[in-house]
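Asks: All chains should be modelled from the sequences, with the hints used to inform the complete structure.
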Amino acid sequence: MHCRGPDNQRVHRAPAGGRLRRNRHYDRAALHAVRLHARPALGTLGAPAGPVAGTASSLYQQQHSGAKALTVSRYWTVWAAALLFFAAFYALLVPVPLYMEAAGLPDWQIGLVLGAFGVASLVGRPLTGAVSDSLGRRPVILFGTVSLAAGAALMSFTSSPVLLFGLRVLQAAGYVTFTTAATALVADLADPNRRGAALALFGAAANVAITLTPAAVSAGLEQLALQFGCPVSTCPTWCFQAGDGSATVEGGGLCPIWGRGIGHSAFFLSSALSLLAGGLVWRVIPGVSGRARGGFSFAELVSLPQPLRGPMLTTALFGVSFGALLAFLPLLAERRELASTGAAYAVYGVSIIATRILTGRLLDRPNRARVLLPALIINAAGLAGLAVAADMSILASSAVLMGIGSGICHPALIAICVDRMPSAQRGRATAGFYLAFDLGIGLGSWLLGLVLDAVGLSWLYFAAALVSAVAAVSAPLLSGRQRTQRQRAD
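As numbered in numbering that gives the first Met the number 0, the sequence shown has no gaps in its residue numbers, which increase by one up to the final residue, 489.
A couple of the hints might just be wrong.
Label-pair distances were calculated between CB atoms; the ranges are [as the list claims (entries may be wrong)]:
id: 1; residue 1: A218; residue 2: A423; range: 44 to 50 Å
id: 2; residue 1: G278; residue 2: A389; range: 45 to 51 Å
id: 3; residue 1: P304; residue 2: G110; range: 31 to 37 Å
id: 4; residue 1: E333; residue 2: A214; range: 37 to 43 Å
id: 5; residue 1: A342; residue 2: V161; range: 44 to 50 Å
id: 6; residue 1: A453; residue 2: E336; range: 20 to 26 Å
id: 7; residue 1: P304; residue 2: R364; range: 20 to 26 Å
id: 8; residue 1: P191; residue 2: A79; range: 19 to 25 Å
id: 9; residue 1: V349; residue 2: L442; range: 24 to 30 Å
id: 10; residue 1: A218; residue 2: P285; range: 37 to 43 Å
If you are wondering where the hints come from, they were derived from the structure by calculation, not from laboratory data.
Here the structure is a predicted model, which is why all the values come from computation and not from measurement.
From the three backbone atoms N, C-alpha and C, an ideal C-beta is built for every residue, glycine too.
Replies: Next up, the structure:
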């Protein structure tokens, strides 16, 4: 039996008192009918308009529920992969400079190798964004995990400054590609109305890793030194000097970890964690078919999209303030004889994690830019507190304020960048954010270093607070076309 459905379309309907005929062709047709027409037929009370609508509606709800569960599962898999990857990257913070010092490199060469990260970011961010939009997120993420794994493991087998510089670039390339593509993937998976909270929670993976991993690696190296005891003394962290290649220590004891010393275990741990992160993404995240891939344009690499210019300016200013905390806090703690820098970083890390979890929903209001003004003011207050910090209580309070400000600003600015670009260019959007943030940290550290040399630490942090205040003034300007761009993109 047939009847007329919405828009005068013919649909199948079971005879009165009869059983509804079920087969896969019928179910497919019913499901298609509901997708197109069921909402008008449900009425104001939502009651199904007959057996067909009820059956097809049930099928649609089951399919929608299954797709939502799959998306949530993929999100948390990417989150776990990010936690492993960031742990792999931050596991290198402690051993890399110590290794180069033990290998006999002068300070300027150590600084040059460590500075390779900025070079990779400047070149790699735009390229990564364009490639991830063209080829999909999965291959770019996998490239990042393999690059970090190779750069970490191979560092253990050379002490050449040139090769170490190249391997550090490889590590940085892995970090740049993974963070850019994985953030774009999270933006793809998240519901547009929950994107801010999803990005905030995703960023907590990096905060957890940087809070726990360096301390865990340092403690682990100390324990390994005791576990791999040598006949006369504990085994050294590094068993060779530049060009020496010695595999023994005084007293004839052999060095553990393939004759290289316990410090090298951190390199192999980093490599293993990175590969494990890649394995999670490989297993769960599907690839992009050739038909679904977008085009690639060289012009995208050298052009700055107009919708991103305002958010990138605010992001760069925010990066300057973050760089002040990251680069100069150890010097502040040492010169003012405060508690260890690790304690201050731990307070900051806990504060930013808690802020991301507790305030994520605030980022999903219609105008995300509204949260930036108070967050940047709080950030500026934290920097001003560091300028006058004379004891641990003020230092910890300032770190808490900066954790709150950063925990709101970072995901909010990413979400604003993503909102302003079409869905097919979310890779460019996240690349634009990270490029501006990295440049703010790098250039800001250089400029603040000049301030430090001229007028001292207090005025350095007052200057950084002023930059954060300027960013707060620019924040309301980001709300003008945001909603329109967001609706157009999604």
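Asks: Could one say that the CB atoms of A453 and E336 fall in the range 20 to 26 Å?
Replies: holds (23 Å)
Asks: Determine whether the Cβ-Cβ distance between P304 and G110 falls within the hinted range of 31 to 37 Å.
Replies: holds (34 Å)
Asks: If I claimed the Cβ atoms of A218 and A423 lie 44 to 50 Å apart, would that claim hold in this structure?
Replies: holds (46 Å)
Asks: Note whether the CB distance of G278 and A389 lies within 45 to 51 Å or breaks it.
Replies: Given about 49 Å between the Cβ atoms, the range holds.
Asks: For the pair A218 and P285, does the Cβ-Cβ distance stay inside 37 to 43 Å?
Replies: holds (39 Å)
Asks: Has the hinted range 37 to 43 Å been met by the Cβ atoms of E333 and A214?
Replies: violated (18 Å)
Asks: If you check the beta carbons of V349 and L442, does the distance land in 24 to 30 Å?
Replies: holds (29 Å)
Asks: Is it true that the C-beta distance of P304 to R364 lies inside 20 to 26 Å, as the hint says?
Replies: holds (24 Å)
Asks: For P191 and A79, compare the CB-CB distance with the range 19 to 25 Å and indicate the outcome.
Replies: 24 Å Cβ-Cβ, so the 19 to 25 Å window holds.
Asks: The hint says 44 to 50 Å between A342 and V161; measuring C-beta to C-beta, is that right?
Replies: violated (37 Å)
Against the hints set out earlier in the document, violations occur for numbers 4 and 5.
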